[in-house]
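**Student:** One letter stands for each residue in the lines below.
Number of protein chains: 2
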Amino acid sequence: MKLALDAMGGDDAPQAMVHGAIDYALAHPLDTVILVGREGDLRACLSREKTTPSNVTIEHAPEVIGMAEKITALRERPNDSMNRCAQLVKQGKADAMVLCGNTGCSVSAAQLHLRRVPGVKRAGILTPLPNPKGHTWVCDTGANAVCRPEHLVQFAEMTVALLESSYGRVSPKVGVLSIGEEQEKGTELTIETCELLRKTNLNVVGNVEGHDLYSGDIDVVVCDGFVGNIVLKTSEGLIDGAMTILKEEIMSSLRTKIAGKLIYPALKGFKRRTHWSLVGGCPLIGVDGVTIIGHGRSNRVAVFHALKQASRCVTGKFIERLRARFRNELDTAATV
Amino acid sequence: MKLALDAMGGDDAPQAMVHGAIDYALAHPLDTVILVGREGDLRACLSREKTTPSNVTIEHAPEVIGMAEKITALRERPNDSMNRCAQLVKQGKADAMVLCGNTGCSVSAAQLHLRRVPGVKRAGILTPLPNPKGHTWVCDTGANAVCRPEHLVQFAEMTVALLESSYGRVSPKVGVLSIGEEQEKGTELTIETCELLRKTNLNVVGNVEGHDLYSGDIDVVVCDGFVGNIVLKTSEGLIDGAMTILKEEIMSSLRTKIAGKLIYPALKGFKRRTHWSLVGGCPLIGVDGVTIIGHGRSNRVAVFHALKQASRCVTGKFIERLRARFRNELDTAATV
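Protein chains in written order, with my numbering: chain A, 1 to 336; chain B, 1 to 336.
Honestly, the hints are just simulated from the structure, not real lab data.
Hints are not guaranteed to be accurate.
Computed cross-link-like contacts, DSS-like style, restricted to lysine-lysine with a CA-CA straight-line distance of at most 27 Å [said to hold, decoys possible]:
#1 A:Lys271 with B:Lys173
#2 B:Lys173 with A:Lys261
#3 B:Lys271 with A:Lys133
#4 A:Lys247 with B:Lys247
#5 A:Lys133 with A:Lys121
#6 B:Lys271 with A:Lys257
#7 B:Lys173 with B:Lys121
#8 A:Lys271 with B:Lys257
#9 B:Lys185 with A:Lys70
#10 B:Lys317 with B:Lys199
Pairwise CB distance ranges, derived in the manner of DEER restraints [stated by the list, open to error]:
#11 B:Asn201 with A:Arg297: 55 to 63 Å
#12 A:Arg115 with B:His275: 35 to 43 Å
#13 B:Gly168 with A:Arg255: 33 to 41 Å
The structure displayed is predicted, hence computed values, not measured ones.
Note that the Cβ used here is the ideal one computed from N, Cα and C, for glycine as well.
So here's chain A without its partners, still in its complex pose (with noise of 0.2 Å):
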């Protein structure tokens, strides 16, 4: 399997990027890591290293597309490191792509070389939530601000698929994040999407709230962009302020300082089942091949599980049970 990584995306791109390849790269030995830039920054980076292993190749992209541009940088710059990952899925010569740079140019360009699966409406962000139990599958977390309810239907279709093909999951429970549980509560768009959902052969409990996200007792929620965007950055800013919070409380006895250290294992324990960057990056579900968006943060422990992720989907064949689930709906839709 080759896995197109786009090394000059991200806060600390291209180290963090060629460290993590070089870790996936040895752990993998049968598939190959394509890194996507700037050869001779990319070549300086692997001259650093003591290895560098054979299935870790280059793949020239002479332009560079920063954190903060606008999605028209994809039309001006077409021989940047994101379109260049988008071609060489397009062209067959990767079977997918990890894109860790600015979030609406890797989103515009997979859209814009691999077009969405015949039959999908939207292409939108799934992201897992940390919960006791495992994760929790959230679409949309950003890519559509505003959504239709058919959106929805087809963000939980396509989640239960990933799931089902990448993850061994049977038949996984699909809420709709609203306001309250009660099937008349929410806005027009929540209550329309749980009419829809209710024809569809999903595992449907209907309303969640925003509680049911950490809980472990729902597999899959889905929202707009727009309230998937906020629930995701309200999450990381309340963890963030709640540590502040607890440090400085923890810092202000010599006995809470000392059990700060004894309780260490605990607290490292805590981040190995929460931490995003162990998650590694969250699928870009409805485009016509495999595309993991990954954290600006991306270190090489997230980018090493990014690849990771992508490569589950691509042995999971869920490209291939979305082509093949959709075109079921347009067989049905071309016959009604």
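Starting from the known structure of chain A, fit chain B onto it as the hints suggest.
**Tutor:** Same frame as chain A, now just chain B:
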């Protein structure tokens, strides 16, 4: 000052309400707490206490509305404790009210009897979220699932009025919850709200994101009640989920178990700075009378603090300030 307390509302009513009222009355001998509810039940509760301060009185309301009932219950049972609380404020027999029961019915009872301050288009629930430096005040967290830009602008104006009148804050920073700091990011609602806010005399920072809710850098954040309620419930769920995982990790070895005992004072300090029960409740801003909506799970401590918050709004002359602010707006509108 006289504070009406819905003694029948909340998961632990009337016990928790009676206890909170006694604690408040003992600490504030010049104020009176009026327990509103079934006289027999309340007398039975009070008789089990060592002391009943003379500044705790009972107002009989023979009917009760349960936590899961619909707002039609308010019309069907006009002699329930929520209707009665609002009537006491309307008639000037109480200066403020605290309601910890069914949120939908509480909000409706307040609006039904007290109406809105002239010029105010929607009442919103204002929730203080803890951050390392104090609180971020978010409105609306659930009274209105769908809002227009002018509603969000008024939520900002009313929240600033509350912070300035009752919390001694000067020119607090106001943001609009969105999904990107750039002015053009977000939905029609957030973009138009930002434009309108910039025409006011408020200290407007523009769009803010989910993580800003817990950074301590923004004082006031406005959003529609759908998004606000999801933010609130997500935050509660995240803290619960995180604590579950952390406890499991702490209990997984002897060393961390001991550390868990030693670290207790820091956890207590953390709770003191963050727990909702010490905030006490959420002002329902925009109705023409001080109304505090308490958490359904309120215990005696939460009730005590909710009563305190009500008294703070009365002392700060919050309602008078609202009336003045919106009277000016009405006058301006009339002359245009």
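**Student:** Measure nothing beyond the straight line between the CA atoms of lysine 173 of chain B and lysine 261 of chain A; if it is 27 Å or shorter, mark the hint as holding.
**Tutor:** 38 Å, violated
**Student:** Verify the CB-CB distance for asparagine 201 of chain B and arginine 297 of chain A against the hinted window 55 to 63 Å.
**Tutor:** 38 Å, violated
**Student:** Mind checking the alpha carbons of lysine 173 of chain B and lysine 121 of chain B for me, to see if they're no more than 27 Å apart?
**Tutor:** 23 Å, holds
**Student:** Would you check the hint for lysine 271 of chain B and lysine 133 of chain A, treating anything up to 27 Å between C-alpha atoms as holding?
**Tutor:** OK: lysine 271 of chain B and lysine 133 of chain A at ~25 Å, within 27 Å.
**Student:** Given the hint that lysine 271 of chain A pairs with lysine 257 of chain B, does the C-alpha gap stay at or below 27 Å?
**Tutor:** Holds. Lysine 271 of chain A to lysine 257 of chain B sits at ~18 Å (cutoff 27 Å).
**Student:** Are the Cα atoms of lysine 317 of chain B and lysine 199 of chain B separated by 27 Å or less?
**Tutor:** 26 Å, holds
**Student:** Could you say whether the range 33 to 41 Å given as a hint is met by the Cβ separation of glycine 168 of chain B and arginine 255 of chain A?
**Tutor:** For glycine 168 of chain B and arginine 255 of chain A the Cβ distance comes to about 35 Å; the hint holds.
**Student:** Should the hint that arginine 115 of chain A and histidine 275 of chain B are 35 to 43 Å apart at their CB atoms be regarded as holding?
**Tutor:** 50 Å, violated
**Student:** Starting from lysine 185 of chain B, check that the Cα of lysine 70 of chain A is at most 27 Å away, please.
**Tutor:** At roughly 11 Å apart (the allowed maximum being 27 Å), lysine 70 of chain A and lysine 185 of chain B satisfy the hint.
**Student:** Taking only the CA atoms, is the gap from lysine 271 of chain B to lysine 257 of chain A under or equal to 27 Å?
**Tutor:** 17 Å, holds
**Student:** Given the proposed pairing of lysine 133 of chain A with lysine 121 of chain A, does the C-alpha separation stay at or below 27 Å?
**Tutor:** 32 Å, violated
**Student:** Between the alpha carbons of lysine 247 of chain A and lysine 247 of chain B, is the straight-line distance 27 Å or under?
**Tutor:** 17 Å, holds
When held up to the earlier numbered hints, the structure conflicts with 1, 2, 5, 11, 12 and fits the remainder.
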